[in-house]
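Each chain, letter by letter, is given below.
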Amino acid sequence: MARAVTPKRKAITTALAWAAGLVIFFPILWTILTSFKTEAQAISDPPVFLFFDWTLENYGIVQERSDYMRFLWNSVVISLGSTLLGVAIAVPAAWSMAFVPSKRTKDILLWMLSTKMLPAVGVLYPIYLLFIRFGLLDSRAGLVVVIMLINLPIIVWMLYTYFREIPGEILEAARMDGATLKEEILYVLTPMAVPGIASTVLLNVILAWNEAFWTLNLTAAKAAPLTAFIASYSSPEGLFYAKLSAASTMAIAPILVLGWFSQKQLVRGLTFGAVK
Amino acid sequence: MATRHSRSAARLMMAPAVILLLGWMLVPLTMTLWFSFRKYLPLRGGDLGWAGLENYSRFVSSSAFWPSVQATLIIVGGVLAITVCLGILLALLLDQPMWGQGVVRILVIAPFFVMPTVSALVWKNMFMDPVNGLFAHLFKAFGAEPVSWLSQAALPSIILIVSWQWLPFATLILLTAIQSLDREQLEAAEMDGAPPLKRFWHIILPHLSRAVTVVILIQTIFLLSVFAEIFVTTQGAFGTRTLTYLIFQRVLESQNVGLGSAGGVYAIILANIVALFLMRIVGKNLDR
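These protein sequence lines map, in sequence, to chains A and B.
Numbers given in this note's numbering equal positions in the first sequence, counted from 1, plus 151.
Numbers given in this note's numbering equal positions in the second sequence, counted from 1, plus 888.
Since the hints were made in silico from the structure, they are not lab data.
Where a beta carbon is used, it is the ideal one built from N, C-alpha and C, also for glycine.
Accuracy of the hints is not assured; some may be wrong.
For the chain A half of the interface with chain B, some residues (derived, Cβ under 10 Å), not all of them [what the hints assert, rightly or not]:
hint, residue
1, 180
2, 246
3, 277
4, 301
5, 304
6, 307
7, 364
8, 367
9, 396
10, 403
11, 406
12, 408
13, 413
14, 423
Kindly generate the complete structure, drawing on both the sequences and the hints.
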């Protein structure tokens, strides 16, 4: 809605907002800039901002020394795998809650959300023990399952809210025309639900990508995703600012891009519909 | 409407999600409860039998307990205060007409998508390092002595890092709430000559109260289990050992599973108290 404001006022708000935005974004910008410096320039005193010899060597070195691609692949497998598995389990559940609600639907939904509130550290040892027992420690499969489970409530919830926006009459019409339940879901519901499912996948891939409790505690060298790889830079002997920045930039770049598309889903997915 | 056939089909379709989550909740929870009543030291003899409530009383009476509660409260409270106050200001600012609004929004939201280990390491090394950090350069430029942030002011430093990560979340939700405000009401107040501060206090703030409550509750649940930020910066030293970190150390570092599990039960109870309030708000919204 266009409100009439004087150009002067608009200029002031613009300046203020840009200043605030740049301050908040600065750590990310600084990391990206530092990733293109040499190690000497990265710690030069006084710090150089833009006028340095831009170089790509850090990116090459990070890949060479630490096999970065392997960690990246682990992140991709774990975040995509856990999300897709979660969506496969959640779609039928959300469908039945949205279109065949019973008296207990609301309670079940709230209970599911409440499992999300369980503090991870409270069940750390049992999960650790179960992982050892079943040989899942430091395996991608184990992490896919755990991260799927911690995000499943959000996935069910988001899909439920999207499905509820689909008018039930359309499904009834399909049923009248003799569509079976399977056809109804596959050919009528799914096409209409694609945008909602896509948004759900998007947000949950981001959440899974950044998950840093289970990934740090349940992996070592083999299945470690980028969260754990970056944490290994915290040891003083491995500390090189430019390389740390290059590794960080590569770890956050894909998710920053995805994140910009998911602003709206963020509100829907993380406030459980309590704010609209 | 729903036939009996579709009703049983619906139950069947819900089953996998319900059973999985039930298992995910009950199995580890039961194990934690069981361990919390045992003297269980995996590296020093294993399960040494029934301990009754000893773990519970020892966890609370250990010298590390109250400082950890204090650190937890300071971090949660500090981050909440900063993110809610700045979040309201930023949301108000971003709601104004301006040039390049979309880009500014992107800049403000970006930190939320940075993985916790990256943001902790970037802040720790590139900003808070007493020799090469930007803050050190800044202090030297003004002739001040550089501060070793993560040891001399460890708690405020952690609060700064975590606030930076959560400010976008608070801002985005409060902005969404502001945008749902009835414009006409606001314009009417403006025409009646109500000054901006009065308009904020009597119209905008009451409208935001619900969103603020939700932000506080959701963030509290996540902030109570802040882990990676401490793991890669101070490792719990310099007064930053939160309840979560203390339990982690008891369980995995000193392998005192009984004691750690008792701590875990405390943490679960604490989180559930917060969750109860949140669920009540969410539940009310489901009815509408």
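Hints, verified against the model:
1. Of the supplied interface hints, the one on residue 180 of chain A holds, with its beta-carbon coming within about 9 Å of a beta-carbon of chain B, less than 10 Å.
2. Taking 10 Å as the C-beta cut-off, the interface hint given for residue 246 of chain A holds, the closest approach to chain B being about 6 Å.
3. Against a cut-off of 10 Å between C-beta atoms, the interface hint on residue 277 of chain A holds, since the closest Cβ of chain B lies about 4 Å away.
4. The interface hint given for residue 301 of chain A is met, as the beta carbon of that residue sits about 8 Å from the closest beta carbon of chain B, less than 10 Å.
5. For residue 304 of chain A, the interface hint holds, the least distance from its beta-carbon to any beta-carbon of chain B being 7 Å, beneath 10 Å.
6. A hinted interface residue such as residue 307 of chain A counts as satisfied when its beta carbon comes closer than 10 Å to some beta carbon of chain B; here the least separation is about 6 Å, so the hint holds.
7. Because the beta carbon of residue 364 of chain A sits about 5 Å from the nearest beta carbon in chain B, less than 10 Å, this interface hint is met.
8. Interface hint status for residue 367 of chain A: upheld, as the beta-carbon distance to the closest one in chain B is roughly 6 Å, under 10 Å.
9. Annotation: residue 396 of chain A was flagged as interfacial toward chain B, and the flag holds, the nearest CB pair being 7 Å apart, inside 10 Å.
10. For the restraint placing residue 403 of chain A at the interface with chain B, the shortest Cβ-Cβ distance is roughly 5 Å, inside the 10 Å limit, so the hint holds.
11. Hint status for residue 406 of chain A: holds, given a least beta-carbon distance of 5 Å to chain B, under 10 Å.
12. This hint holds: residue 408 of chain A has a C-beta 9 Å from the nearest C-beta of chain B, less than the 10 Å allowed.
13. The restraint placing residue 413 of chain A at the interface with chain B holds, with a minimum CB-CB distance near 9 Å, inside the 10 Å limit.
14. About 5 Å separates the beta-carbon of residue 423 of chain A from the nearest beta-carbon of chain B, less than 10 Å, and the hint is met.
When held up to the earlier numbered hints, the structure conflicts with none and fits them all.
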